[in-house]
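Undergrad: Listed here are the chains, written in short residue letters.
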Amino acid sequence: DAGVTQSPTHLIKTRGQHVTLRCSPISGHKSVSWYQQVLGQGPQFIFQYYEKEERGRGNFPDRFSARQFPNYSSELNVNALLLGDSALYLCASSLGRRVSNQPQHFGDGTRLSIL
Amino acid sequence: AQSVTQLDSQVPVFEEAPVELRCNYSSSVSVYLFWYVQYPNQGLQLLLKYLSGSTLVKGINGFEAEFNKSQTSFHLRKPSVHISDTAEYFCAVTTGGATNKLIFGTGTLLAVQP
Numbered sequence: 001d002a003g004v005t006q007s008p009t010h011l012i013k014t015r016g017q018h019v020t021l022r023c024s025p026i027s028g029h030k031s032v033s034w035y036q037q038v039l040g041q042g043p044q045f046i047f048q049y050y051e052k053e054e055r056g057r058g059n060f061p062d063r064f065s066a067r068q069f070p071n072y073s074s075e076l077n078v079n080a081l082l083l084g085d086s087a088l089y090l091c092a093s094s095l096g097r098r099v100s101n102q103p104q105h106f107g108d109g110t111r112l113s114i115l
Numbered sequence: 001a002q003s004v005t006q007l008d009s010q011v012p013v014f015e016e017a018p019v020e021l022r023c024n025y026s027s028s029v030s031v032y033l034f035w036y037v038q039y040p041n042q043g044l045q046l047l048l049k050y051l052s053g054s055t056l057v058k059g060i061n062g063f064e065a066e067f068n069k070s071q072t073s074f075h076l077r078k079p080s081v082h083i084s085d086t087a088e089y090f091c092a093v094t095t096g097g098a099t100n101k102l103i104f105g106t107g108t109l110l111a112v113q114p
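These protein sequences, in sequence, are chains A and B.
Everything in the first sequence is counted per the numbering used here, starting at 1 for the first residue and increasing by one.
Everything in the second sequence is counted per the numbering used here, starting at 1 for the first residue and increasing by one.
Everything labelled a hint here was simulated from the structure, so no lab data went into it.
These numbers were taken from a predicted model, which means no experiment stands behind them.
No residue lacks a Cβ here, since even glycine has one placed at the ideal position from N, Cα and C.
Wrong hints could be hidden among the right ones.
Per the computed footprint, the stretches of chain A lying under chain B, defined by three or more beta-carbons under 8 Å from a beta-carbon of chain B, are [stated by the list, open to error]:
(1) 13-23
(2) 44-57
(3) 107-114
All chains, please: the whole structure from these sequences, using the hints.
TA: Set out below in structure tokens:
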């Protein structure tokens with residue numbers, strides 16, 4: 001079975017542009033979470049979507065938005081890119097909503113570089 | 001609020017030696033604890049988790065961790081490491097209820113030398 005897939009794997013943008021990152025969860029998983037991992041740090045929670053609704057939001061500005069589609073795939077959008085947005089963006093999927101008892105499966109991430 | 005502290009940013013160790021990676025957490029409520037491993041240019045893979053019950057948890061690849069509530073710790077151990085264990089290791093915490101996010105530590109690079 002395919003794991004969590006993310007596209008693209010690498011992306012280079014300039015300041016002020018916007019970007020869309022995509023995630024396909026494991027088949028049957030209804031929850032998708034997004035994390036930002038800046039070089040040298042642990043992942044930071046951005047969003048969780050479950051059954052196409054936002055169920056959690058981290059401490060990120062409104063430039064960050066996401067959505068989940070009927071097939072449970074998800075997009076993360078970032079507007080007005082800043083140099084500080086350079087990071088590895090990870091998507092994780094799980095069967096249910098609660099991360100406390102549902103193991104999260106991570107994709108390999110999208111490496112976003114802002115010039 | 002919950003937080004996780006990984007005291008060592010890097011742990012060098014020789015192959016076949018034992019290793020312990022330290023993790024301390026802070027929370028005013030009951031917690032669920034996890035260890036993830038990240039190999040270069042890859043995502044995170046779950047090594048083991050503590051939800052409840054026995055405080056000694058066994059995971060994949062020969063790793064184990066012990067939950068110590070009084071010391072608020074969840075240290076990861078392996079009795080004999082291999083070159084292939086070289087990777088970044090992250091400790092993470094979450095709570096029950098409506099919280100649906102993992103809070104990660106800053107990571108520990110395990111560098112296994114021949």
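Undergrad: Would you mind marking each hint as holding or not holding in the structure?
TA: Results for each hint:
no., hint, verdict
1, 13-23, "violated (count 0)"
2, 44-57, "holds (count 6)"
3, 107-114, "holds (count 3)"
Violation of the numbered hints given earlier is confined to hint 1; every other hint is satisfied by the structure.
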